[in-house]
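Asks: So you can see what is in the structure, the chains are spelled out below.
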Amino acid sequence: MNRIRTTLTGAAALLALALAACTDLTLEPKSTPTDATAFKDPGAYQALIARVYTGLAVSGQQGAAGKPDISGIDEGFSQYLRLYWEAEELPTDEAVIGWGDVGLPELNTQTWAVTNSFVGAMYYRVFFQVMMANEFLRQTTDDKLDARGNVNTALRAQIKQYRAEARFLRALSYWHGIDLFGDIPLITEADVVGNVPQPSTRAAIYDFIVSELNAIKPDLPPPGTATYGRATAPAADMLLAHLYLNASVYTGTTHYAEALAAAQAVIAGPYSLNPVYKNNFLADNNTSPEIIFAIPQDGLHTQTWGGVTFLVHASCGGDMNNTTYGIDGCWWGLRLKPEAYNRYAAGDLRTSTFFTTNQSIAVTSIGDFHAGIAEPKYQNVTSTGAPGSHPTHVDTDFPLFRLADAYLIYAEAQLRGGGGTRAQALNYMNALRVRAYGDSSGVIPDSALTLQFILDERGRELLWEAHRRTDLVRYGLYTGNAYVWAWKGGVQAGTGTDAKYNLYPIPANELIANPNLRQNPGY
Amino acid sequence: MRRFHYVMGALLALSWTAPLVAQQPTGTIRGRITDNATQQSIAGVTVTVAGRIALTQPDGRYVISAVPLGAATVTARIVGYAPALQPVNVTGDTMVVDVALTAQAINLAEIVVTGYGEQRAGNITGAVTQVNADKFNPGRVISPEMLIQSKVPGVQVVDNNEPGGGIAIRVRGPTSVDIGKGAKSDPLYVVDGVPVGIADGQVGLSAGRNPLNFLNPNDIESITVLRDASASAIYGVNAANGVVLIQTKRGGRQAPQFEYTGSTSASRVTRLPSMLNADQFRTAVMTYGTASQISQLGSANTNWFNLIDQTAFGQDNNFAVSGSGENTDWRLSAGYLKQDGIIRGTTTQRLSLGINLDHRLFDDRLDVRASVRGSRADDEFTPGGVLSNAAQMGPTQPAFDSTSLTGYYDWPGNTLQSPDNPLALLNLATDKGRTYRSIGNLRATYRIPFVQGLKANLNLGYDVAEATRQSFYPSVLHGQTKTGQDGSDYRSDFSQSNQTLEMFLNYLAPLRSIPGNIDLTAGYSFSQSHAEYPSYLALGLTTDILGPNGITTARTVQNFQSIQENRIISFFGRANYNYQDRYLVSASVRRDGSSRFGPVAEWGTFPAISAGWRLSQESFMQGFKSLSDLKLRLAYGKTGNQSFANYVQYPQYELGDAQTQAQFGNQFITTVRPGAYNPYIHWEETKAFDAGLDWASSDQRITGTIDYYSKSTDGLIFTVPVCAGCGLTNFNTQNIGKMRNRGIELGLSARLLQGREGGGGLTWNADFTASDNKNTMLQIYASPGVTRVLTGGIAGGVGTNIEVLQPGVPVNSFYVFEQRYDSAGKPIQGGYVDQPTVRDTVACPAAPGCVGLYRPDGVINQDDLRPFHDPSPKWIFGHTSLFTYNKLELNFTLRAYIGNWVYNNVASNLGTYSEVTRASPYNLHSSVLQTGFTSPQYQSDYYVEDASFLRMDNVTVAYTFNYRRQPIRVFGTVQNAFTITGYSGVDPTAGINGIDNNMYPRSRTFTGGLSVRF
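Protein sequence lines correspond, in order, to chains L and B. Every letter in the first sequence is one number past the one before it in this note's numbering, and letter 398, counting from 1, is 398. Every letter in the second sequence is one number past the one before it in this note's numbering, and letter 509, counting from 1, is 509.
The reader is advised that the hints may include incorrect statements.
[Claimed, not checked] Straight-line alpha carbon distances no greater than 20 Å define the calculated DMTMM-like cross-link-like pairs of lysine to aspartate or glutamate that follow:
1) L:Lys30 - B:Asp493
2) L:Lys67 - B:Asp134
3) L:Lys30 - B:Glu565
4) L:Lys67 - B:Asp367
5) B:Lys455 - B:Glu380
6) B:Lys249 - B:Glu221
7) L:Lys160 - L:Glu106
8) L:Lys500 - L:Glu106
9) L:Lys30 - B:Glu654
10) B:Lys455 - B:Glu532
11) B:Lys249 - B:Asp134
12) B:Lys774 - B:Glu685
13) L:Lys500 - B:Asp857
14) L:Lys40 - L:Glu106
15) B:Lys887 - B:Glu380
16) B:Lys181 - B:Glu654
17) B:Lys181 - B:Asp699
18) B:Lys181 - B:Asp544
19) B:Lys181 - L:Glu106
20) B:Lys774 - B:Asp857
21) L:Lys500 - B:Asp863
22) B:Lys432 - B:Glu380
23) L:Lys30 - B:Glu532
24) L:Lys40 - B:Glu654
None of these hints come from the bench; they were simulated from the model. Here the structure is a predicted model, which means the values were calculated and not measured.
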């Protein structure tokens, strides 16, 4: 008995000591890779650059919603393209949205607060893209690739292209950032994640983007169907053209000659106008010869509640039949403001998609879908009338840059003294007019080619393509009372607004999170 | 590691001082100490004679040797009993001195379970409340937490009206903010010494209802709540939200005994959302709808809620047999419960088995206790959307339509803006789950032979769970076709296993060099958890023919797998010092390491100290004859909270699925996303102070306890906005912020009527608890940080939040506009008070609405929202009365909350005439008749209501009689007998966040049953 006791006691003591020694606390994630393990798969480089692209197209890592990229706002609302489109269109003379979600109604009327959740989400979307691109660049330095030892020559060549594309996407979002918010921080791959960024200026970031785009052009993949959805040299030229055209807004110095040259470079490329205007906005618009850079959407592979899914559904309501547009239901949201509708003359085929039955021209009430003409410009049916692959999530890609825009930039830069010839400008303009009318009835004489005409034509040709706010700001008509439109300033007749609204505010939370930043003037 | 050696060494050194005594003729005294009234042995009694001292063993026996010869006095002393003195004349022989003690004050001698041990109630220095089975709430109880509702001061049990639904317990208010990947406010649950569910911060895995439902309430002996930091700090990094210790029933030392308890119940719904009836709805549509909506109106008169609710029946059967052999006590139990919900489609069924075995070996030196319990729960859930669509569906429309594909009526067209037929949803969709769970442990206690009072304990425990959930929504359902989901089939098969190993030494002995007793505990604990969460979701089903039974080809299939692992390693020690039951000191320290913390903060130390002074033992108190006990307690401790998400410290690369691919040419590329991470994450730390006073009247009729506490939590873990560029995304999980809870708790028990001498007559025992808690968010760090974080998502709009975390106000305060009213008292649509938000350099006394330097900006926008009340009750009151008259018993429990506010989301979402202008009109909440709102006013404080209430939670009548000399008890219980409240919605206890949105309605339940023992 005693022996048993002694044995037991001894065993217990030994067990105690053995287990007490077990103090290892390390448990690494198993069902998700970490930055230390992800690149053991050489496919991770493509997966990571693909993720920088999908930052424009989806809202998270689970379709259509789930594992969101940014938080603090409903995930569907947080999608990049949706936010950017709303920021560019709702406060202008082109669009109104009828929903009462907190923060949204103020976008219709230029009355937002510094705490506006949509404005805040757009700001964080810009920097989400920047941080993703930076992470790609940090993970693909030569040192890192050498150290991992599993990157062959072919993959290295690929990665070189990817790095240029990451820089393009970063430049694109920085353009949106300075266009919407003015002075924002400049964060590159050289900055340490976690450090509170220092402020930069609109002009400095402008310079950064321009130099980046010029530097990467040779490394970008060539245009063609094999690189559809990816950034090419003409896409970089298109982005440069926009930057130069608006340079006076961003830096106070004009660069119209450079704008014209960049537009010309695009026009010289392999693109041509799609003979049928509306086919640029249908479910098979990936086959359009006109689109230079698109944000691809796909009903089965690239799903989101934002993006073009939002545009197709929100444009539908009232007496419209959703199946006509290839979707399962209408969201009763977007209509035209009367100024946008009235800009078109009879015979303009670009109005062929307008829906007028039981829709008034005047927007008597923002919340009533029947007030304002409906414009199902984006549709989830193909050019042959077949529905898209999914009734909720559309196949229709968003044409961020298309050739018609390059024509319009050429014409405007020419008129603003950027060189080129006025005859060429008129040619480009009339090319668009002939397509719009289906014949020469819309052709304009040289005398009609004015800057105001170009602004109006941009309104007609690029309606609801997320350019309007930038255009109106460049023309000096966005705020103030030189030009008022329905609901500008919060009244139906429209009224002048404070010049502070030319920029969106830096989000109130961001100012506290980053004390280095300063609020935009007037807020 | 080295620390561990020290603790063991110290313990051994202390005990080996025993043999050092002088060599002179001595005698030995031995005996047994018993309770005068019950004749039961009493363990832990301090027996002294001539400066020699011993403690009694569990069988009440003691031995004192080396007592000098001659006259001496044997003194036996233990808290709760009057000290006994017995003169003896010590000779060289062994003398037997048995002593019977007389109870002095009620409950003081009761053994209370504490962490890693137990103590006499009278000697406890922390805020600890134990509720034994005889005080549990009666009636239909599915979840164990419900047993102690209203019984423990400072404990809020937030139940869910769904039978067996999720339950939250808050001990002394919320200590965490429960957001995102942040830490949870739930207490730690310890069942028979095994901490359950420290795996992922949850109580464990289940198919969707309360994970603690695996425990059959009939098997529970006692539930103890460790409320303050000094009591709970022995659980270290898991203890900040309090600790709930659950002990199960064990065998007794007697012949086999059989017990059966059975009951059946019937429930009816008490309150439903107040929607417009058919006539009112028709009038609303005719007035506010367009031709399109008016043309859709039918002529039926359908009460949709009547179609989906039911009288719910339930039954509960429990059988237990217990007994003992010479060295073995055992108890076997089996239970079967089936309960339907008052909303059709809801059912819960539970089969449970339990075995407890206590075995004594080696002359009772080794106690082995094994405990295994397992259960299978089958849950059926009312399909999602039934309640909300019953509210929204037009009462003028019929339920059935023989021409439709499903046989049920649906609005014409197939639009997103038409509610679904709730009856079709209820009858065609299925949602069910099954949970297997078993928890068990083996505890060995070895009284080491050569050191008196030293015990070695080993505790091996496991907790495994397997939960499957399956829901099927056929493609023909209106809700499926209108959303383009076209049929959905979801399956999950989650599993989790936790293991715990604990070893500790316990030394309980009188001190020889100084007066008093000491009780030392030191140990090591290791626990780890592995959980897997695979799931399958198919959308766009090609056929409904297989229903939920098969896998059909689908348009979209999404599969998920997540593995979660977690480990905690701890060293702990505690010392209790007791000087003559008069001065009591307790100190504990625990050092915890958790795999959840980043490398810089893996380990944390959590100390606590408390002291008690039993004033009633002092001579100067002897004049106060009316008091038999008066104890002052003071305690201070530090505890932690680590119940937040795993792997926050690792830079994870989240893989995308097949629906978030990038298009490169004609290829679709799956993506990977670098995620936010925080290598500096560490535990939340709560520092708590408690001062308490316990008293008992000398006639043993009244006992009371009162506590004041203040606890502040620092380093709150939640997912908060970070500055652009400060992380890979705009939110990250951080230790950010600080909050405080302060309050007063009062508990009173009284035997108001004591019946006749020798039994019978009328008795009345009453218990009363009152708790006040004031929570304040103190700080959200400035850099990097934010001034406020919005919480409390509601139905209505998208992403609309109604609550806020903001310094200076309670967590989750409502964040709303201040509604303006017209002269008739009607709220003005869109009429909100323009709050002073613009700061001027000089005061603006002339402008209306100015406050100091701040003036209104003339625009109503998001800047004009302000915090306004909060969902937590300011005061919680509980009262239980038990009357007995001979064999008859009447028992009721009342509960009252004061100062809890609720946001009536059904009213705010559906109380606007714009709802009838949808593609098909939605039914309206009747509040629209008062407000006349024609557009939604989600953020108006009009919908934030004072939901203070008084509720009779249960009332029971029981009668006990003997049949063939065996006791039989028959009883009837009414639960939720009545509720008195000014709140207009469905239930004033609207969950923990105070948002009343299509919640499961509350029922009144009638239960009848009997229990027999033979």
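Asks: For each hint given before, does the structure comply? Return the numbers of the non-compliant ones in rising order.
Replies: 2, 4, 5, 7, 10, 14, 15, 17, 18, 19 and 20
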